[in-house]
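Undergrad: One-letter residues, chain by chain:
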Amino acid sequence: MIRRIHSLLAPRIAAAAFAAGLAMFGNAQAQAMSPVGQACYEQATTNAQMMACAGAEYERQEVALNRMVGKVKEELAVADKRRLPRFEIALRRWRGWRDAECAARADLVRGGSAAPLVRLRCLASLTERQSALLKESLE
Amino acid sequence: MRRAIILALGVAAIVLPNGALPTSAHALTADFRACLTKARSEPANADCARSEQQRQEARLKAAWTRLRTASRVRDGQHVALLEAAQKRWETFRQDHCRFVSTRAIGGYSQVYWGARCTARLAEQRVTDLNQRLKAYKR
Chain X
0 MIRRIHSLLA PRIAAAAFAA GLAMFGNAQA QAMSPVGQAC YEQATTNAQM MACAGAEYER
60 QEVALNRMVG KVKEELAVAD KRRLPRFEIA LRRWRGWRDA ECAARADLVR GGSAAPLVRL
120 RCLASLTERQ SALLKESLE
Chain H
0 MRRAIILALG VAAIVLPNGA LPTSAHALTA DFRACLTKAR SEPANADCAR SEQQRQEARL
60 KAAWTRLRTA SRVRDGQHVA LLEAAQKRWE TFRQDHCRFV STRAIGGYSQ VYWGARCTAR
120 LAEQRVTDLN QRLKAYKR
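In the order they appear, the protein sequences are chains X and H. Just so we're aligned, residue 0 is where the first sequence starts under numbering that gives the first Met the number 0, counting upward by one. Just so we're aligned, residue 0 is where the second sequence starts under numbering that gives the first Met the number 0, counting upward by one.
What the hints contain is simulated information worked out from the structure, not anything from laboratory work. A quick note: this is a predicted structure, and the numbers were derived from the prediction, not measured. Cβ coordinates follow ideal geometry from the N, Cα and C atoms, glycine included. Treat the hints with care, as some may be off.
To be verified - Per the computed footprint, the stretches of chain X lying under chain H, defined by three or more beta-carbons under 8 Å from a beta-carbon of chain H, are:
1) 34-45
2) 62-76
3) 106-112
Claimed, not checked - List time: in silico DSBU-like cross-link candidates among lysine-lysine, alpha-carbon distance up to 30 Å:
4) H:Lys-136 - X:Lys-134
5) H:Lys-133 - X:Lys-72
6) X:Lys-70 - X:Lys-134
7) H:Lys-37 - X:Lys-134
Stated by the list, open to error - To spell it out: a stretch of chain H is covered by chain X in this simulated footprint if at least three of its residues, at any positions, have a beta carbon under 8 Å from a beta carbon of chain X; those stretches are:
8) 32-38
9) 47-59
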């Protein structure tokens, strides 16, 4: 009986501790999420579920960014092809920064179980921000 | 006909001095917006952007110094990661704003777009760095 209660509560306790760790350190950076990602995250009760939500959110943001990159390239192809190489360099530099930034943010919880989640949420958040920045460059 | 075109361009230059400005002003600070409201020419717009750039650069320098100092509570590996990220951000900003500035080739308009982009990203970075600072103070 005790073993059963333990097996039921353990993942929830671990998830609560995980979320608390995230709130204390990893979430010090505001990390916006899409409504779908937020809903997923709110329903998650285990570390594995939170990781799955964060992974799916990151994929969604990558897809959205690639769509925006395509739009910028289309615009440049029509308006001024000479700007295309500069755009591609800037995009490469952004990826380099994003990865370094998220490694630094995840290092705030180095060794903890929240570290991979902090990194994933950071990747998703900065990818979303880059889409917004590129959208601005089209205005 | 030629005189009419020249006249139309002249009128447009007086009536629409901010024609090159973006439709969305959400990214601009109050100081920058106030400066642009008074500006009546492309050189004046460029001056506003340069002033904004200087303001944001000063804020960025102060925020980075604060964070760099606070991060010393962690080990060298962490500080190295932090510095590497900041260096990569500088490179990203430089290349992104170089790209953005080329929406206008040459002249005050290019200066305007480059300075505006640099200031805008600095402002965003200051917010990020200040939020990170909280993690070291817990």
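Undergrad: Lys-37 of chain H and Lys-134 of chain X were given as a pair; does the straight-line alpha-carbon distance stay at or below 30 Å?
TA: Given that 30 Å is the threshold and the Cα spacing comes to 27 Å, the pair holds.
Undergrad: Would you say the region 34-45 of chain X counts as covered by chain H, given the rule of at least 3 residues with C-beta under 8 Å?
TA: Since three or more residues must qualify, the claim that chain H covers the region 34-45 of chain X is violated, with 0 doing so at under 8 Å.
Undergrad: The region 47-59 of chain H covered by chain X? Criterion: 3 or more residues, Cβ-Cβ distance below 8 Å.
TA: violated (count 0)
Undergrad: How does the region 106-112 of chain X fare against chain H when you require at least three residues with a CB closer than 8 Å, holds or violated?
TA: holds (count 3)
Undergrad: Take the region 62-76 of chain X, compare each residue's beta carbon with every beta carbon of chain H, and decide whether three or more fall closer than 8 Å.
TA: violated (count 0)
Undergrad: Can the region 32-38 of chain H be counted as covered by chain X under the rule of three residues or more with Cβ-Cβ separation shorter than 8 Å?
TA: Three-residue rule not met by the region 32-38 of chain H, so violated; n is 0.
Undergrad: Straight-line Cα separation of Lys-136 of chain H and Lys-134 of chain X no greater than 30 Å?
TA: Violated, at roughly 35 Å.
Undergrad: For Lys-133 of chain H and Lys-72 of chain X, compute the direct alpha-carbon distance and say whether it is at most 30 Å.
TA: Violated: Lys-133 of chain H and Lys-72 of chain X sit about 39 Å apart, past 30 Å.
Undergrad: Is the straight-line distance between the alpha-carbon of Lys-70 of chain X and that of Lys-134 of chain X 30 Å or less?
TA: holds, 9 Å
Of the numbered hints given earlier, the model fails hints 1, 2, 4, 5, 8 and 9; all others are met.
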